[in-house]
Amino acid sequence: MSDIFDIVIIGAGPAGMSAALEAAQQGASVAVLDRKATPGGQIYRDVTQSPLLDPSVLGSEYTEGAELVEAFMEADIDRHQNADVWHIGETGEVLYSQDNQTRRLVARELIISPGAMERPFPIEGWHLPGVMTAGSAQVMLKSDGMVKDGAIFAGTGPLLYLIVAQYLRLGVTVNAVVDTTPAGGVVRAMQYIGGALRKPAYLIKGLMLLNEIHRAGVPIFRHASNLSVLGESKSVGLQFEQDGRTHSVNADHIFLHQGVIPNLNMTRALGIEHHWAEQQLCWTPTLDDWGQSSIPHIAVVGDAAGIQGAEAARHAGRLAALKAMNKLGKLSEASLQQQSSDHLRAMKSFKAFRSFLDAYYAPTPEHRIPAASNTLACRCEEQTMGQLRAGFEQGAKDPNALKALTRCGMGPCQGRQCGHTVSELLAVWQNKPVSDIGYYRLRSPQRLLSVDELSQFQNIKPAKKPAEVSA
Amino acid sequence: MFRSLRKPETQSVSININGQMVQVAEGSSLWAAMALHGETQTRLALVSGQQRSAYCAMGVCFECLVEVNGVPNQQACLTTVEEGMHVCSQDLTEQSIAALHQKESADHE
Chain H
1 MSDIFDIVII
11 GAGPAGMSAA
21 LEAAQQGASV
31 AVLDRKATPG
41 GQIYRDVTQS
51 PLLDPSVLGS
61 EYTEGAELVE
71 AFMEADIDRH
81 QNADVWHIGE
91 TGEVLYSQDN
101 QTRRLVAREL
111 IISPGAMERP
121 FPIEGWHLPG
131 VMTAGSAQVM
141 LKSDGMVKDG
151 AIFAGTGPLL
161 YLIVAQYLRL
171 GVTVNAVVDT
181 TPAGGVVRAM
191 QYIGGALRKP
201 AYLIKGLMLL
211 NEIHRAGVPI
221 FRHASNLSVL
231 GESKSVGLQF
241 EQDGRTHSVN
251 ADHIFLHQGV
261 IPNLNMTRAL
271 GIEHHWAEQQ
281 LCWTPTLDDW
291 GQSSIPHIAV
301 VGDAAGIQGA
311 EAARHAGRLA
321 ALKAMNKLGK
331 LSEASLQQQS
341 SDHLRAMKSF
351 KAFRSFLDAY
361 YAPTPEHRIP
371 AASNTLACRC
381 EEQTMGQLRA
391 GFEQGAKDPN
401 ALKALTRCGM
411 GPCQGRQCGH
421 TVSELLAVWQ
431 NKPVSDIGYY
441 RLRSPQRLLS
451 VDELSQFQNI
461 KPAKKPAEVS
471 A
Chain X
1001 MFRSLRKPET
1011 QSVSININGQ
1021 MVQVAEGSSL
1031 WAAMALHGET
1041 QTRLALVSGQ
1051 QRSAYCAMGV
1061 CFECLVEVNG
1071 VPNQQACLTT
1081 VEEGMHVCSQ
1091 DLTEQSIAAL
1101 HQKESADHE
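Quick note, the sequences are listed as chains H and X, same order. In this text, residue positions in the first sequence follow this note's numbering: the first is 1, and each later residue adds one. In this text, residue positions in the second sequence follow this note's numbering: the first is 1001, and each later residue adds one.
Isolated chain H, as found in the complex:
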């Protein structure tokens, strides 16, 4: 079996699986590398093997993923699970870890869909044991059927309400919902109401979720601000302000959430061009409508390409696969245009809808850009905002200089939890747009590798350029 493929796809979420299905249908040789034990990404995590007796309590957006996962499992695709990609070479060479060994594939065209991660929530005490993300509550529920009674859910965004509703349906107690969506959210979002009305089913579902939480009698604190976690060595509660008054609610567990952002370590390490997306307040790869990046043989799809959600990701995956087939000379320009049109139209309407959500649930500056000097910005190297400020005053004006001086972003998470905070802090301190500040320079390997594994590396030779290799 050859290790050279027409199309290699990284990540088996809705975007990656859809790209693989389209490419296989079009007759390409396709390999998919996915870090998890089963395909589905975060959204359709374990949807075909739920640990729950009745997975329908998780909602139809989840259960309808089963069909896609099943189609993916049946198609003529080279599937590799537990395959954690740690390097992508300029020639299409992909190195990944599997069973503590590094393996290799070569791609003529690469479609990468590393997905999203939750936006960091750098408030006082967010590093304490007992503080997790709302996304983690979903992960634990979907994969392990594991829940936590009596927790506080705090922050903003549809995912926060969804997990609370899921918990309530399962009889899990919720101590409080502390909602940081500002009072002006509705007004800000109204200019995008046209986009929202293009997806009435989503709007209705959203309202029903809120109603469900209300009816259950969970205390909801609206328009909360200035969140901080109480506790010395572990979380004991959450303090916040509402209507000018300070409140505190006791809980040994707090789930935080303020939206999701592209998981950009792979696209950054590749040197793909990025820009600061003002609407979504995050760094985003710069791409065309087919997901084509600034590197000729690489496309980026799914939420890693900018947050659009699972349904849009399916269309994006198909578009990137069609474009890859066209670049490989296996699909004419006319067929590309014709087969792309429905997907392009769908993407446009999802984008309009997303504008509404982005405006409504925009995370407030105080929870993105820490103002208290003792708040940790970098969790791994334990660098507080005050220490970063001191580094800035010593002359570190950009993220890489600050990293060199303070070690922020040098820990095992490779900047995932502090990168956006550092970009925004430096922008505020210099009164410059974030786009002028930039982001950490990232490099391979993109995961922790043991010396044992690296020592086998002598057997691996650089790949030839795909153009020099015959099929």
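Treat the hints with care, since some could be wrong.
Claimed, not checked - Example chain H residues on the side facing chain X (calculated, C-beta under 10 angstroms, incomplete):
| # | residue |
| --- | --- |
| 1 | Arg-45 |
| 2 | Thr-48 |
| 3 | Asn-82 |
| 4 | Trp-86 |
| 5 | His-127 |
| 6 | Pro-129 |
| 7 | Gln-138 |
| 8 | Leu-141 |
| 9 | Glu-382 |
| 10 | Gly-386 |
| 11 | Ser-450 |
No wet-lab data here; the hints were simulated from the structure. By construction, the Cβ of each residue, glycine as well, lies at the ideal position given by its N, Cα and C atoms.
Position chain X relative to chain H; hints supplied.
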């Protein structure tokens, strides 16, 4: 305490968490197995030595690093349990690593 809503018919495997043999559901993530047995401490903070626990449960925060079968820095949330697995909360800090290096070079001389 975390609790499990897993279907009752699930098969189990036995693993050792911090010196104690426990039964956990086959296919569990190591983090879930630990949390369901009250072992929520994963690593220590490298500089301050403070206790840490899992934050994201999906592989992006690296707070859940633990020692699996003697190998440190394994992400518990991305590891699936296996029969006979030996897991320890890890106590590596900058101080302990420096002490280890010092001892190694002293032993060498």
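We went through each hint and held it up to the structure:
1. Taken as an interface hint, Arg-45 (chain H) checks out: its beta carbon lies about 9 angstroms from the nearest beta carbon of chain X, inside 10 angstroms.
2. Restraint check, Thr-48 (chain H) versus chain X: the minimum CB separation of about 13 angstroms is more than 10 angstroms; hint violated.
3. Restraint check, Asn-82 (chain H) versus chain X: the minimum CB separation of about 8 angstroms is within 10 angstroms; hint holds.
4. Below 10 angstroms, beta-carbon pairs count as interface contacts, and Trp-86 (chain H) has none with chain X, the closest being about 13 angstroms; its hint is therefore violated.
5. Against a cut-off of 10 angstroms between C-beta atoms, the interface hint on His-127 (chain H) holds, since the closest Cβ of chain X lies about 7 angstroms away.
6. This hint holds: Pro-129 (chain H) has a C-beta 4 angstroms from the nearest C-beta of chain X, less than the 10 angstroms allowed.
7. Taken as an interface hint, Gln-138 (chain H) checks out: its beta carbon lies about 9 angstroms from the nearest beta carbon of chain X, inside 10 angstroms.
8. Taking 10 angstroms as the C-beta contact cut-off toward chain X, the hint placing Leu-141 (chain H) at the interface holds, the least distance being around 8 angstroms.
9. Taken as an interface hint, Glu-382 (chain H) checks out: its beta carbon lies about 4 angstroms from the nearest beta carbon of chain X, inside 10 angstroms.
10. Interface hint status for Gly-386 (chain H): violated, as the beta-carbon distance to the closest one in chain X is roughly 15 angstroms, over 10 angstroms.
11. Interface restraint check for Ser-450 (chain H): the shortest CB-CB distance to chain X comes to about 7 angstroms, inside 10 angstroms, so the restraint holds.
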